[in-house]
Amino acid sequence: MTDASLYPPLPLAGEGRGEGGSHVSAGLAPSASLTLGPLSRKRARETKLSRRHLLLASGAVLIAAPALARDKGQPASSAQHWGLLIDTGKCSEGCTTCVEACKAEMGLKGHDRPLTDAQYVRKIDVKDPATGNTHSLPVMCQHCDKPACVDVCPTGASMKRADGIVLVDRHICIGCRYCMMACPYKARSFAHEEQTGQQPYLPRGKGTVEGCTLCVHRIDAGQVPVCVEACATRAKGAMLFGDLNDPNSEIARRVATEATTRIRADLGLLPSVRYQRI
Amino acid sequence: MLARLLVLLLMFGITAAALAADLPAPPKAKAGTTCVAAAEVMRRDHPDMLKHQRDDTLRLGIRGGTASLRDCVACHATRAADGTPVPVNAPGQFCQSCHAYAAVTPDCFDCHATTPAPVKEAAR
Chain V
1 MTDASLYPPL PLAGEGRGEG GSHVSAGLAP SASLTLGPLS RKRARETKLS
51 RRHLLLASGA VLIAAPALAR DKGQPASSAQ HWGLLIDTGK CSEGCTTCVE
101 ACKAEMGLKG HDRPLTDAQY VRKIDVKDPA TGNTHSLPVM CQHCDKPACV
151 DVCPTGASMK RADGIVLVDR HICIGCRYCM MACPYKARSF AHEEQTGQQP
201 YLPRGKGTVE GCTLCVHRID AGQVPVCVEA CATRAKGAML FGDLNDPNSE
251 IARRVATEAT TRIRADLGLL PSVRYQRI
Chain B
1 MLARLLVLLL MFGITAAALA ADLPAPPKAK AGTTCVAAAE VMRRDHPDML
51 KHQRDDTLRL GIRGGTASLR DCVACHATRA ADGTPVPVNA PGQFCQSCHA
101 YAAVTPDCFD CHATTPAPVK EAAR
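Chains as they are written, first to last, in our numbering: chain V, 1 to 278; chain B, 1 to 124.
No lab work stands behind these hints: they were computed from the structure. Computed from a prediction, not measured in an experiment: that's the story for all the values here. There may be inaccurate statements among the hints.
[What the hints assert, rightly or not] Chain B stretches covered by chain V per the calculated footprint, using a threshold of three residues with CB under 8 Å from any CB of chain V:
id : segment
1  : 31-45
2  : 92-105
[To be verified] In silico lysine-lysine, BS3-like type, Cα no more than 25 Å apart, as pairs:
id : chain 1 : residue 1 : chain 2 : residue 2
3  : V       : K206      : B       : K30
4  : V       : K90       : V       : K186
5  : V       : K72       : V       : K127
6  : V       : K123      : V       : K90
7  : V       : K127      : V       : K90
8  : V       : K103      : V       : K72
9  : V       : K72       : B       : K30
10 : B       : K28       : B       : K51
11 : V       : K206      : V       : K103
12 : V       : K72       : B       : K51
13 : V       : K160      : V       : K127
14 : V       : K160      : B       : K51
Each residue gets a CB set at the ideal place from its N, CA and C atoms; glycine is no exception.
The shape of chain V in the complex, shown without the other chains (with noise of 0.2 Å):
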């Protein structure tokens, strides 16, 4: 299964800031921050590129950031998807900078207990039996556009933003981890235990099911997912992530040029995070 074809556009509703692609307006600098390891950060936030612009340099991949901080007091709007593109022919058996990253990211604390801690991306390994073909990927929260875990909620506290990412509100959720057994990634938690530390972007709590958030809190300001930087800053780059909605982003060009797929496409949940040579 490959795809744009597979991609429904959403409808645009009016609101937010028009069609998709013009969310960078006119008031918003052409410049893009970029979004780097602490130690070069500093130096590159002085240069300018175009937001489209994947930079090679000294084994790193600078992601130019897909957009730029949204309005406060703007909603998230349905001119924008945000999704992933992960290609599986850079991901290496064994690392797992980006799982570390999250965790570092979300303040996950684990009780050693591998099968119930709290984890947001886990790595897969699949080998194709018949070939012996083996390939390694990191599986979080898939971001469907039809996601069951929205459809079985019984008090709707999972929930689809505007702009395509999943969550759950713990404010209402009570804990019935229906969304656990109807999500066919294995994508989401439960926290277990009283917690402790939390990061003031990622409230957590005991009796509350949690998942991936697409690091909403740093989309919302600019920056991309955690994942996607570390995986480009201290692994080899195999993750993209950007504005689906948007024609002239790196992800929708590469989406609707190259063959990607999606991992259980057959279920039809249509998610937004996409794999390529798997």
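For this one, chain V is given, so just place chain B on it according to the hints.
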């Protein structure tokens, strides 16, 4: 007559008891900052303000509103002698001092951070 005297005594007793209870004395906010609303408004309405905005922020993605719990904590968390921030829900601290007086137990801090942002750059 006796009954009236008893009622009068009882009322006086209740008033005296109320006055005797120590009013909460929350620590001052960070110096040089102004709250998003007047103290009388905040005292009465902060639960509604926070509850209204949490839905706007999470479900609609509206950032930068006035009633942010994170901003409350950033201004109102005190620091211990060694410079480490003290949780706002610790006894005698900003949130807890009034909540203890009013005998309410909000659930905010089951999930939300009780101290300002920790330094996280080192971890990444």
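For each hint, the structure was consulted:
1. 31-45: The restraint on the segment 31-45 of chain B is violated, since only 0 of its residues have a Cβ under 8 Å from chain V and three are required.
2. 92-105: Violated, because only 0 residues of the segment 92-105 of chain B bring their Cβ atoms closer than 8 Å to Cβ atoms of chain V.
3. V:K206 - B:K30: Measuring from Cα to Cα gives roughly 30 Å; hence the hint is violated.
4. V:K90 - V:K186: holds, 23 Å
5. V:K72 - V:K127: violated, 47 Å
6. V:K123 - V:K90: holds, 13 Å
7. V:K127 - V:K90: holds, 16 Å
8. V:K103 - V:K72: Violated, at roughly 28 Å.
9. V:K72 - B:K30: holds, 24 Å
10. B:K28 - B:K51: holds, 24 Å
11. V:K206 - V:K103: Distance of about 17 Å is within 25 Å: holds.
12. V:K72 - B:K51: Status holds; Cα separation ~19 Å.
13. V:K160 - V:K127: violated, 32 Å
14. V:K160 - B:K51: Given pair K160 of chain V, K51 of chain B holds - Cα atoms ~20 Å apart, limit 25 Å.
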